[in-house]
Amino acid sequence: MNAERPPVPVAVLDACDQEPIHLAGSIQPGGFLLAVDEADGRVVQASENAGDCLGRALSAVLGATPGELFGAETEARVRELSRDARFARGATFVGRWARGGSGDERVFALLGHRHAGRLILEGERLCAGEAAAPVEAHEQIEVLLGQMETPRTVDELLAFAARELRGLTGFDRVLVYRFDADWHGRVVAEDRNDALPSYLDLHFPASDIPRQARELYRLNRLRLIADASYEPVPIRAAPGRAEAPLDLSLATLRSVSPVHREYMRNMGTGASFSISLMRDGELWGLVSCHNAAPRRVPFAVRAACALFTQALSLQLAVREQAEGLAQRMRLQAILTPVVAGLARHERLLEGIDAVREHLLRLVGADGAAVIEDDRVASYGCAPDERRVRELARWLDSRGEEELLATHQLAAEFPEAAGYAAEVSGLLALSISPRRRSRVIWFRREVVETVTWGGDPAKPLAADAAGPARLHPRKSFERWRELLRGRARPWSAAEIETAREFRVAVVDIVLRGAERLAQLSEELSRTNRELENFSYTVSHDLRAPFRHIRGYAELLKSDKGHLLDAEGLQFLEYVLEGSRHAGRLVDNILAFSRMGRAALVFTTVALDELVPEAIRFLKADPGTRRIEWVVGPLPKVEGDQSMLLRVVHNLLENAVKFTGPRELARIEVWAEETPTEHVVHVRDNGVGFDPRYKDKLFGMFQRLHDWEEFSGAGIGLASVRRVVARHGGRVWADGRPDGGATFSFSLPKTPSPSHPLYA
Amino acid sequence: MLKPILLVEDNPRDLDLSLRALARTRLANEVVVTRNGEEAWHYLTRQGVYADRPRGNPAVVLLDLKLPKIDGVELLDLIRKEPELENLPVVMLTASREQTDVARSYALGVNAYVVKPIEFVDFLEAIRDLGVFWAVINEPPPGSVRLKA
Chain P
1 MNAERPPVPV AVLDACDQEP IHLAGSIQPG GFLLAVDEAD GRVVQASENA GDCLGRALSA
61 VLGATPGELF GAETEARVRE LSRDARFARG ATFVGRWARG GSGDERVFAL LGHRHAGRLI
121 LEGERLCAGE AAAPVEAHEQ IEVLLGQMET PRTVDELLAF AARELRGLTG FDRVLVYRFD
181 ADWHGRVVAE DRNDALPSYL DLHFPASDIP RQARELYRLN RLRLIADASY EPVPIRAAPG
241 RAEAPLDLSL ATLRSVSPVH REYMRNMGTG ASFSISLMRD GELWGLVSCH NAAPRRVPFA
301 VRAACALFTQ ALSLQLAVRE QAEGLAQRMR LQAILTPVVA GLARHERLLE GIDAVREHLL
361 RLVGADGAAV IEDDRVASYG CAPDERRVRE LARWLDSRGE EELLATHQLA AEFPEAAGYA
421 AEVSGLLALS ISPRRRSRVI WFRREVVETV TWGGDPAKPL AADAAGPARL HPRKSFERWR
481 ELLRGRARPW SAAEIETARE FRVAVVDIVL RGAERLAQLS EELSRTNREL ENFSYTVSHD
541 LRAPFRHIRG YAELLKSDKG HLLDAEGLQF LEYVLEGSRH AGRLVDNILA FSRMGRAALV
601 FTTVALDELV PEAIRFLKAD PGTRRIEWVV GPLPKVEGDQ SMLLRVVHNL LENAVKFTGP
661 RELARIEVWA EETPTEHVVH VRDNGVGFDP RYKDKLFGMF QRLHDWEEFS GAGIGLASVR
721 RVVARHGGRV WADGRPDGGA TFSFSLPKTP SPSHPLYA
Chain F
1 MLKPILLVED NPRDLDLSLR ALARTRLANE VVVTRNGEEA WHYLTRQGVY ADRPRGNPAV
61 VLLDLKLPKI DGVELLDLIR KEPELENLPV VMLTASREQT DVARSYALGV NAYVVKPIEF
121 VDFLEAIRDL GVFWAVINEP PPGSVRLKA
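First to last, the protein sequences are chains P and F. Everything in the first sequence is counted per our numbering, starting at 1 for the first residue and increasing by one. Everything in the second sequence is counted per our numbering, starting at 1 for the first residue and increasing by one.
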């Protein structure tokens with residue numbers, strides 16, 4: 001049977017979660033239990049069978065001291081051990097004690113521990129033959145620990161452990177059970193005979209081992225139920241003493257929940273022995289030994305199993321760490337060139353694009369998306385741009401999160417359910433909240449078939465009489481379901497690599513921002529210097545030229561009669577030179593102002609601007625006959641007066657270089673690309689040698705001889721400067737005597753925020 | 001009797017050229033020359049060496065922007081804050097077309113702003129126009145309000 005996983009009923013879970021199983025109030029009948037008040041050293045609570053076990057009346061046990069019950073030697077040993085830290089951690093072997101008489105059933109292993117203000121002594125009846133073989137288990141374990149190094153993989157190691165633990169305990173079946181993040185468990189290794197069915201690979205819902213049971217497994221790492229059908233032995237207090245229920249968390253003989261015994265019976269197991277597998281103080285899994293018939297495990301064997309399992313936990317940790325480390329090394333080898341590649345680019349989008357071939361391998365993703373300044377780039381198997389933006393908004397709404405990793409995206413973000421097949425795993429990094437830049441990796445859905453040990457939707461069944469008493473599942477029939485909307489989980493190494501990647505990228509972005517800030521500061525400093533320079537030029541250089549010019553004029557007009565023809569000629573040269581120098585200075589000033597004046601962006605109608613520029617030129621009486629051909633022109637975004645200067649300079653240029661033509665023809669038209677408007681000015685003038693076209697737009701560059709065409713060589717440099725400040729380009733085509741076409745482009749969306757244009 | 005024109009100019013060549021240009025305008029107004037802002041202020045407020053001059057404001061002040069001691073903009077500020085001089089026409093003469101200077105001068109209430117042209121003929125024309133406009137044509141009647149630029 002296949003089904004989507006239905007939700008586990010929460011009320012049922014809670015009911016089971018709330019049962020105070022550590023305060024069972026009874027023990028299993030394999031021995032007796034005494035609770036000693038540490039203040040007066042007397043027994044205040046005892047299991048009902050303590051009298052029988054100890055060969056005296058229960059009333060005589062209650063109120064007695066351990067010394068009175070077990071003799072001075074045992075009492076001294078208890079006192080000694082009670083100062084030991086082991087005593088507080090769990091049941092510790094005190095010694096053997098036998099009451100008078102004969103037969104094995106009168107010999108007990110005495111175990112002691114201290115918990116919640118009580119010294120708890122447990123007497124466990126020895127198993128048949130146990131007295132002879134306590135050391136054997138320890139010898140066996142030494143050999144096993146040596147062999148533990150041999151299995152190569154984690155799976156082999158677990159299979160080895162299951163096999164050897166079955167050998168140690170003699171149980172019919174040993175399962176190694178591993179918890180996932182939600183405390184659902186899976187049987188990952190098994191060793192068994194034919195007495196019990198295989199549970200290998202079965203999943204069990206978290207509710208099978210409720211929260212407080214897991215907590216007990218964490219505290220008390222061994223738990224034996226020697227006979228699932230036992231009758232609990234109640235714990236009694238001394239008459240007249242009001243005792244709080246005894247906390248049996250660490251007791252060996254603690255009676256388990258009736259629900260659990262029923263569960264065992266439903267499973268067909270007569271005895272169970274569990275050993276906790278710990279990792280960093282948390283429950284990682286369980287070794288669960290089952291026997292069809294009741295079976296006891298001697299204390300020494302249990303201790304050996306505990307030691308073996310502890311070594312197994314360490315081995316597992318070491319192996320997983322080694323595997324993680326190896327994966328980290330592999331990923332690190334990818335990360336290094338990725339970071340180096342990113343560092344060569346100013347912008348994240350460009351940097352990522354340059355390292356695109358490594359991007360997915362870095363975390364083992366199927367796809368990725370990069371978002372920066374509202375731009376999106378996708379790689380591999382990624383959702384479409386609209387969905388990436390939707391995801392980014394969702395991530396934004398989650399607040400400041402550097403990293404988010406999920407392998408069940410739709411569970412966190414239901415909108416993603418619609419495309420779960422392509423994207424179920426998501427690993428998102430926030431790079432810069434200010435620029436809302438992110439790197440997101442995606443993983444495809446991996447449809448997983450999970451076999452449950454029984455229907456996980458029905459972990460517990462209510463009694464026909466009503467919900468007051470809970471029953472565990474009755475069926476352990478295999479129950480298969482299809483897990484949808486899940487991707488392969490991100491491993492710790494992958495997440496760690498992503499985190500390192502983020503640190504590197506943030507570092508690069510910050511350095512980039514710093515560089516930019518530095519550049520912009522340098523730029524504004526240069527601008528200030530230029531401003532000072534132009535001021536100096538304007539005030540200090542203009543004055544002497546004005547004086548030369550002024551006195552030369554005065555000399556000519558007032559004292560001209562004193563000069564001969566040659567002297568007058570010289571004077572003309574002085575006048576001409578000073579006029580030219582003065583114009584140069586004025587042009588330099590105009591040019592530098594053009595670079596510094598703030599651009600005021602508005603919508604500029606070029607079909608109004610170009611005629612305006614033509615009117616200016618026509619106003620010059622020197623203008624010859626010119627045929628103006630103006631095509632349809634667009635509206636552009638830019639600074640009105642600056643653009644007028646551009647158009648004016650280009651048209652003036654065309655007028656100037658068509659000078660020798662009887663009929664000059666000057667055309668202006670525009671073209672459009674998806675991102676730019678391009679304006680062309682073509683003339684039928686003298687043209688230029690295309691070899692020199694790069695020099696056209698340089699300052700004071702002239703392609704023509706001095707006498708041929710006047711001009712300060714600054715018009716086209718100004719054009720280039722203004723257009724560049726708008727984010728556009730200028731270029732020219734021409735051939736000698738074949739006319740010229742000058743063109744400039746303006747972006748449709750100018751980015752005046754760029755420091756170079758600011 | 002015509003009111004004089006007050007010319008404030010520190011550069012001797014510019015001063016000479018300005019005087020020659022004014023001479024060519026054939027204006028009958030006397031031209032009073034001061035060489036820095038402080039001296040001009042003394043003239044306008046009849047202090048120091050000008051303590052004994054007869055009362056009355058000049059027809060127009062032709063004021064260079066860059067001056068020793070008190071510069072052109074500072075002097076303009078002083079003039080506009082002095083009730084008796086409030087309506088005195090001031091023309092800023094300058095070698096600079098710097099926007100900050102222009103903006104400051106206009107903010108302080110200059111009546112005209114002239115960038116000294118390099119071409120002498122242009123300079124001549126500018127001086128003549130200014131002199132004629134402010135000294136003859138545009139002499140404000142008493143109590144009239146200063147023209148805002």
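For the record, the hints were derived by calculation from the structure and aren't laboratory data. Yeah, the Cβ is synthetic: ideal placement off N, Cα and C, and Gly gets one too. Hints may contain errors.
[What the hints assert, rightly or not] SDA-like, lysine to any residue: derived pairs with alpha carbons at most 25 angstroms apart:
no., chain 1, residue 1, chain 2, residue 2
1, P, K556, F, R13
2, P, K556, F, L27
3, P, K559, F, K66
4, P, K559, F, A23
5, P, K559, F, N11
6, F, K66, P, G582
7, P, K559, F, I70
8, P, K559, F, L19
9, P, K556, F, T25
10, F, K66, P, E529
11, P, K556, F, K66
12, P, K618, F, E119
[What the hints assert, rightly or not] Partial list, computed: chain P residues near chain F (C-beta under 7 angstroms):
no., residue
13, R542
14, A543
15, F545
16, H547
17, K556
18, K559
19, G560
20, D564
21, G582
### Agreement of K66 of chain F and G582 of chain P with the hint, judged by alpha carbon distance not exceeding 25 angstroms
Roughly 20 angstroms between the alpha carbons, so the hint for K66 of chain F and G582 of chain P holds.
### Query
Given K559 of chain P was flagged as interface, is its beta-carbon under 7 angstroms from a beta-carbon of chain F?
violated, 13 angstroms
### Query
Going straight from one Cα to the other, do K556 of chain P and T25 of chain F come out at no more than 25 angstroms?
Holds: K556 of chain P and T25 of chain F sit about 19 angstroms apart, inside 25 angstroms.
#### Entry: Given pair status - K66 of chain F, K556 of chain P, alpha carbons within 25 angstroms
violated, 30 angstroms
### Query
Does the alpha-carbon distance linking K559 of chain P and A23 of chain F stay inside the 25 angstroms limit?
Within the cut-off at roughly 17 angstroms; holds.
### Query
Given the proposed pairing of K559 of chain P with N11 of chain F, does the C-alpha separation stay at or below 25 angstroms?
Holds - the C-alpha atoms of N11 of chain F and K559 of chain P are around 23 angstroms apart, at most 25 angstroms.
### Query
Holds or violated: K618 of chain P with E119 of chain F, Cα cutoff 25 angstroms?
holds, 24 angstroms
### Task
Verify the interface restraint on F545 of chain P: the C-beta must sit less than 7 angstroms from at least one C-beta of chain F.
holds, 5 angstroms
### Query
Between K556 of chain P and L27 of chain F, does the CA-CA distance stay at or below 25 angstroms?
Roughly 23 angstroms between the alpha carbons, so the hint for K556 of chain P and L27 of chain F holds.
### Task
Return the status of the interface hint for R542 of chain P: holds when the least beta-carbon distance to chain F is below 7 angstroms, violated otherwise.
holds, 5 angstroms
### Task
Compare the distance between the alpha carbons of K66 of chain F and E529 of chain P with 25 angstroms, and conclude whether the hinted pair is satisfied.
holds, 20 angstroms
### Message
H547 of chain P was flagged as interface toward chain F. Is the shortest Cβ-Cβ separation under 7 angstroms?
### Response
holds, 4 angstroms
Hints 3, 7, 11, 17, 18, 19, 20 from the earlier list are contradicted by this structure; the remaining hints agree with it.
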